[in-house]
Amino acid sequence: MKENKNIKTVIRTFFAWQEEKEEKWLREMSNKGWHLKRVGFFNYRFEKGEPSDMVYKFDFKVLRRSEIDGYILTFRDAGWEYIGNFGSWFYFRTNVGGDHSLELYNDNRSAIEKYKILLMVLGVVSFPMMFFSLPNLYMRIIDMEGDSVLHNPLVFNIYLPFVIILTILAVFTVYAMIRILLIIQRLKKDIRQ
Amino acid sequence: MNQLKRIKKYSPMTETMFYILIVLLRPLHGYGIMQKVEKLSRGRIRMGPGTLYGALSNMVEARLIQPQDSGQNPEGRRKVYLITELGIELVDFEIKRLEEMLNNTKMLLGERGK
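First to last, the protein sequences are chains Y and U. According to this note's numbering, the first sequence is numbered sequentially starting from 1. According to this note's numbering, the second sequence is numbered sequentially starting from 194.
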């Protein structure tokens with residue numbers, strides 16, 4: 001944690017299925033007078049100000065560059081301040097007690113769409129790794145003859161670390177997709193559309 | 194006939210979608226839509242910007258509504274939308290569906306009362 005008088009950067013990680021936790025944390029920070037200024041790769045920059053009660057929400061949206069202005073304007077008109085984005089995640093906040101909804105989505109059908117797109121993006125991004133890189137690496141190791149495959153320096157120093165990292169990444173991606181699917185299921189169970 | 198098939202695909206709509214569609218019988222921008230829907234529903238529907246933005250892009254893509262030319266747009270950066278002929282047909286289709294539901298409900302409630 002870097003401390004400056006009025007600015008501090010906190011390193012913290014939240015995953016897509018931990019939105020509520022992240023929202024709660026950012027709200028608590030605002031209550032203490034630390035307002036989110038910028039969001040980056042696993043880090044959050046806060047600026048010191050007057051304590052206030054702010055609700056934070058995140059939207060996942062794949063937009064063309066030309067669409068971003070109109071998108072942010074729609075949220076601003078609705079009473080939401082745009083803070084910044086981290087990839088396709090857009091961060092917004094609003095004052096509690098304002099004369100507007102404290103949700104970005106007022107029905108489940110539209111909320112589900114956000115998670116469906118997230119799931120799709122995750123699938124597309126991880127597809128080459130899951131169905132090309134990983135099988136390819138496994139095959140190469142299997143193809144090497146002999147008991148001493150693991151003692152082969154090429155395998156041990158180059159392939160193995162790759163395989164381990166990619167395997168962890170693949171398992172994690174599958175886990176993330178399951179968590180997101182569960183969110184969608186939960187939203188679908190609600191009989192209101 | 195093809196047209197009807199296309200329309201059926203969007204029915205039943207969520208009430209937010211339906212309200213967006215009917216307020217766009219007059220040209221409005223996003224914020225105008227929110228205000229009007231809230232007013233018409235007497236504050237019952239408070240639209241979130243995520244729902245609004247998603248609905249507008251989906252409905253433009255489905256050609257149910259259309260952004261107006263920016264030349265005749267006094268709102269500047271804010272896009273103004275208007276319902277299309279296809280959108281109006283969808284509204285007609287939904288009205289019939291809603292009428293059917295309403296009439297059947299009244300009838301069955303009436304039978305129960307006897």
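Simulated from the structure, these hints should not be mistaken for laboratory data. For every residue, glycine included, the Cβ atom is placed at its ideal position computed from N, Cα and C. Be a bit skeptical, because a hint or two may be false.
Cβ pair distances, simulated, as ranges [what the hints assert, rightly or not]:
1) Ile288/U with Phe172/Y: 43 to 51 Å
2) Lys202/U with Asn43/Y: 22 to 30 Å
3) Lys202/U with Leu122/Y: 56 to 64 Å
4) Phe162/Y with Arg199/U: 44 to 52 Å
What the simulated footprint calls covered on chain U by chain Y, stretch by stretch (three residues with Cβ under 8 Å from a Cβ of chain Y suffice, anywhere in the stretch; the number is not a length) [as the list claims (entries may be wrong)]:
5) 282 to 291
6) 296 to 307
Here is what the structure says about each hint:
no., hint, result
1, Ile288/U with Phe172/Y: 43 to 51 Å, "holds, 49 Å"
2, Lys202/U with Asn43/Y: 22 to 30 Å, "violated, 44 Å"
3, Lys202/U with Leu122/Y: 56 to 64 Å, "violated, 27 Å"
4, Phe162/Y with Arg199/U: 44 to 52 Å, "holds, 49 Å"
5, 282 to 291, "violated (count 0)"
6, 296 to 307, "violated (count 0)"
Hint violations for this structure: numbers 2, 3, 5 and 6, all remaining hints satisfied.
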